[in-house]
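K.L.:
Here's the letter readout for the chains.
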Amino acid sequence: DGGITQSPKYLFRKEGQNVTLSCEQNLNHDAMYWYRQDPGQGLRLIYYSQIVNDFQKGDIAEGYSVSREKKESFPLTVTSAQKNPTAFYLCASSISPRTDTQYFGPGTRLTVL
Amino acid sequence: DAKTTQPPSMDCAEGRAANLPCNHSTISGNEYVYWYRQIHSQGPQYIIHGLKNNETNEMASLIITEDRKSSTLILPHATLRDTAVYYCIVRATYNAGNMLTFGGGTRLMVKP
Chain C
398 DGGITQSPKY LFRKEGQNVT LSCEQNLNHD AMYWYRQDPG QGLRLIYYSQ IVNDFQKGDI
458 AEGYSVSREK KESFPLTVTS AQKNPTAFYL CASSISPRTD TQYFGPGTRL TVL
Chain P
-7 DAKTTQPPSM DCAEGRAANL PCNHSTISGN EYVYWYRQIH SQGPQYIIHG LKNNETNEMA
53 SLIITEDRKS STLILPHATL RDTAVYYCIV RATYNAGNML TFGGGTRLMV KP
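So the protein lines, in turn, are chains C and P. Using the working numbering, you'd call the opening residue of the first sequence number 398 and step up by one each time. Using the working numbering, you'd call the opening residue of the second sequence number -7 and step up by one each time.
Honestly, I wouldn't trust all of these hints.
What the hints assert, rightly or not - If we take Cβ atoms under 7 Å as the criterion, some of the chain P residues that face chain C in the derived model are: (1) Asn11; (2) Pro13; (3) Tyr38; (4) Leu92; (5) Gly95.
Claimed, not checked - Sample of chain C residues facing chain P (criterion: CB under 8 Å; computed from the structure): (6) Leu442; (7) Ile457; (8) Ala458; (9) Gly460; (10) Leu487.
Simulated from the structure, these hints should not be mistaken for lab results. Virtual Cβ for every residue (Gly too), placed ideally from N, Cα, C.
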């Protein structure tokens, strides 16, 4: 069953802690993306990766970090430097980093207590 | 990428066609029109995209005006499961990061 998986679906953390969100795809896509969505808002790009071992900052990268050691995995770490981390986080992938359609995972809802 | 304007909300009766408009008056020649939808608390789902010709797939039809300044997404027989926020996105043939810029979208409510 091909697709993009994100885990966990709900995540709670205490203020000041780092937390890592998982994103895995078995679609053999080169490009992967992380977006953030706040209530009633559209999506904003955090980081993207066009190929293994490469990634670039999006519009709101401050307080986040990523790695792309494997083609199928693109984990996102929300650090304690992120001032407002409570949000819905969405991972996506596309065949290539150019014009291809992006396919999204189910999302992780992070709540900071 | 060009900006899009969509009505914030629309209602549609179950079984009827849902026609969702989108204005993109500043679209340029190399920009595609994409439609995604997002059901509450789920990831966005790709629906359809086009450049200048009308497009149809198993989910919907996309009608783009001849001047490309606006488009309409048509769900031919709306069901309750089509209730979602629908996003119209205009995106260049290539932009750094293949970024999708999501605006506010149209909240479609399909009613029995």
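K.L.:
Run every hint past the structure and note whether it holds.
P.N.:
Results for each hint:
| no. | hint | verdict |
| --- | --- | --- |
| 1 | Asn11 | 22 Å, violated |
| 2 | Pro13 | 18 Å, violated |
| 3 | Tyr38 | 5 Å, holds |
| 4 | Leu92 | 6 Å, holds |
| 5 | Gly95 | 5 Å, holds |
| 6 | Leu442 | 5 Å, holds |
| 7 | Ile457 | 12 Å, violated |
| 8 | Ala458 | 11 Å, violated |
| 9 | Gly460 | 18 Å, violated |
| 10 | Leu487 | 5 Å, holds |
Against the hints set out earlier in the document, violations occur for numbers 1, 2, 7, 8 and 9.
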